[in-house]
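Trainee: Sequence:
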Amino acid sequence: MSGTPILDPRSREDILAQVVDHARSYTPEWRCDGAEDDPGAALAALFCDMFYQTVDRFNSVPGKLRTEFLNLTGFQMPDPSPAEGILQFAAHETADGPVPVPEGTQVFTRDEEDENIVYETERRIEATAARLTDIFYADARGGIIQRVDLSAGAQPFFTAGESENLQRHRFSLAHGSVLSLCGPCEVEVELRRQADFLAAQTAALLAEKGAWTFRSGGEDVPFTSAAAEGAVLRLRYEGALPFTPDEEGRYAVSCSGDLGGGTVLLDGARLRSRPLGPLALDGAASGDVPLDLSRGGYCFGRRPAPYGLCYFRSDRALCKRGATAVLRLEIAPEVTEPEESGPQYQFNRRIIDKRDAVAEPPDDVFVDQVVWEYFNGLGWRTLAVRGNENPFSCRDAGPQETVFDVPEDLQETEVNAVRGFYVRARVIRVENELSQRPRWIVPFLRGASCGWSYAEGRPAEWCRSENNGDTVEIADAQDREPLSFPAVVGLEDQPRSMYFCFDRSPNAMPLSILFDVAGQARMNDKLRFEAWDGKRFEPVRSVDLTRGLLHTGMMLLYLPRPLPERTLFGRSGCWLRLARSAYMDDPGGCPRIRSVRLNTVGAVQRQRAPDAVFSAGPYEANKTLRLLRGPVLEAQVWVDELSAVGEAEAQALARQMPERVRLEWEDRVLTHCWVRWERAASLAAAGPEERCCCLDPYEQTVAFGDGRRGRVPPAGEENIRVTYWYGGGSRGNRPAGAVTDLIGALPRISHVENLTAMSGGTDRFSTEKADAVGNRRLRNRDRAAGPRDFEELVLQNFPQVAHVRCFPDRDASGAYASGHVSVVVESGGQNDRRVADELCQRIYGDLSRRCDCVLAAEGRLHVTGSTVITVNSRVTVELEDLDRGADTQQEIARRLAELIDGRWRRRDIGDQLRISQVWQTVRDTPNVRLVRSILLEGCYDQGGVQRIAALEDDGAFPYATVESGEHLIQLE
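What the sequence shown shows, in the working numbering, is residues 1 to 972, in sequence order.
Read the hints as simulated data drawn from the structure, not as lab findings. Heads up, none of these hints are tricks.
Here are the simulated SDA-like cross-link-like pairs (lysine to any residue), alpha carbons at most 25 Å apart as the crow flies:
no., residue 1, residue 2
1, Lys64, Arg626
2, Lys209, Ala140
3, Lys526, Gln841
4, Lys535, Ser484
5, Lys623, Pro714
6, Lys535, Arg561
7, Lys526, Ala140
8, Lys769, Tyr844
9, Lys209, Asp220
10, Lys769, Gly729
11, Lys535, Thr133
12, Lys535, Ile135
13, Lys64, Asp706
14, Lys769, Glu838
15, Lys623, Glu699
16, Lys623, Tyr698
17, Lys623, Arg662
18, Lys769, Arg783
19, Lys209, Arg192
20, Lys209, Pro222
21, Lys209, Glu466
22, Lys769, Asp782
23, Lys535, Ile474
24, Lys623, His672
25, Lys64, Ala685
26, Lys526, Tyr583
27, Lys526, Asp493
28, Lys535, Asp96
29, Lys526, Gly143
30, Lys526, Tyr844
31, Lys64, Ile15
32, Lys769, Leu795
33, Lys769, Gly902
Pair by pair, the computed Cβ-Cβ distance ranges are:
no., residue 1, residue 2, range
34, Ile743, Glu113, 17 to 27 Å
35, Arg541, Leu65, 50 to 60 Å
36, Ser643, Asn622, 15 to 25 Å
37, Ala45, Ile743, 46 to 56 Å
38, Pro787, Glu113, 39 to 49 Å
From a predicted model like this one, the values you see are computed outputs, not experimental measurements. C-beta atoms are modelled at their ideal positions from N, C-alpha and C, and glycine is treated no differently.
Assemble the whole structure, with the sequences as input and the hints as a guide.
Mentor: Structure below.
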């Protein structure tokens, strides 16, 4: 034992040598040479063995005295700590319902000696085969919907991240003919809702807040203005760009923007359009001769004849089926006078008198009658017109207007190898066609334009809306009455929420969800889980073991019934919602989550041993029981006291201590009165009638009192029963993914694995540590007054802690804060943030009971984990011998790793960084002539975000502990 005096340093061989020396002095006739046939040698060996035992016991006296001294100080060896971690059970894909995982389900892994290390689950859960497919963040008032991708690292919850905002309110109305427009135009959108005043309100809202656009050249082009008149929206465009169709050939107008949080359900939408000015024709032709409208041309040639044809093409106007089209023609008469001739005699008389000869006037030859026609896909049909039905007669001066209703069956056709929408005029009769003296009046087309208007709106043929990440599309909108088109759908007005989408119903009793939290962010409001039941999100009974996502832990949801599917944010599945209870922002920030896992449960390295049964003799004082398995983690000692108490007294005990007394009856006769005796830290302070016992978990013993210090168990046959669990120790500390085997089988469970490291297992204190901790207890007396007290109490009560340091007048972040106390700890074993957070919680609970109550009540006591900094280096050196460069590089890297993981980590928290020692370590490496440069950088986690900082000052990180990272050695 280090530091313990050795009263007698002699070994067995030393004692035997002394016996031989004495034998030669006192009995020279005895050879005493250790011969096998010498009885004296046998006696001497027996004496040495027995005497050495006495020496050994004598040498143990100081240690026992020290132990008694430690007992007098009140020091107790901490109980063994079992390794703990989180398991995930995977239900088989074929499971059509939740799969029970009972409490105490055992899993195991093997240690280095090929022995099983067994772990038990701490509670009952039900595993589901459902998979978490998507997570979304939604802020109704902020107009934000974001998909949360945890595969990219820790992501914030309840606040906007860096991903794309999926929230947009946009709807489109399409019509293949009404919206086939080009240049300045006006579009009217007539909205229909259940009530006229609702339609008027909606139109006013969309005119004020909506951004109306159309597609042109692959881009959204805004309208010049938008105004509401009743339930009609007038969209005016004064530019020159044409409307272009989308990939499906649809012409549409769209409205987008922040349109409020309500819902706009349209029962119908009708569209009208008109050009703001005359629209030039796309073409004209006289029969098979195209006319150049910029120069003009003869409508039916220079000599019109019956069946002559004149075609007019307008792809914008003539496609407007149901509209009233106006064809404006600027026709100038081209007159051809007949040649001059002499007097004409009347040869039909018997006597020809030259005096009766007169000059005969010419006959006007003009197009007297035409018929208008359109193509319906099968042939040319008569088109009913009004206004100037025959603008080619040249009887009226000025532009001529021919008005007609565009037929519903007008179709595209091909004229002179040009496809488009056409109407034509066909000559029926030419006046004075056969005249001998014709005076031709031929229509000459100098210009042509058209326009259109609608008497009433045309139903939209196609509707599409994008709201809250969802898309609704109605392809046959013109055939639906009512339309029931959700043009605008706002998010439910509620605080910021997280939405979880599952590929199937995750109902379970309970469903266990693990949230791996990065950093700590304390939210002032509460969180609540809700489930979509087909009509609304209803609250779910839940247990939050994370304290509002303050630290890594599980939330248990009790979902007794299957959840229906719903499409939300463009995803179809079963939905859960984690909502805040307040709208306000938290000054402490929002939590960051690394991962979300299902079917998780805590597990601890322990096993339940078979109950141990013992008998007690009459007044057996200081009775000690020895258990077969150890170390003992927990024990319940039940004593049958029926032999010492009567039935009435037993029933009175049951009423006084219902949780500690169990009565067993048989045929109305009391057969057993089992009383649970409580564990006491020491029997020295126990009263004579106190039902208590003392457990030594390492020696696997249970000790009872002697009647003065603790009650003596009554006599009886098999009247003491010990129910206990055993396990613990550092052998249970295993990395993540090491525990994958079940003891036995669970139906429909396909896989099990520990998601986190199984850590926290500790063994018995070494003698040196027990001495150190016990001596300090004399000073602090289990009270934390100064910085050393905080540190010593943590080391005494939490053997899992490798380093601890108390920082007065600093807050949890390391900043100066008068009156605050921060205790920074580093857990031993696995570098697991979850384990460190749980350990900090337990330390805080222990210290808050041992320090000034005001310190904890006012929130000035902080227990936090150390900031683990991974030290990376880039070193440039000049070598003496370049042939040994590779070996030198490896040696420098090895020395740096040994410096950081060895010498630095043995120092106190905050004092581990020693920048100057890096230069000295590199310089002292063999074959290094000159150190050119050294660059150190530290990587650390700050609230789930990886940070990198240059390491230039030893005290830059007051809460830092270090670990070796990558070392790049460059040679010159």
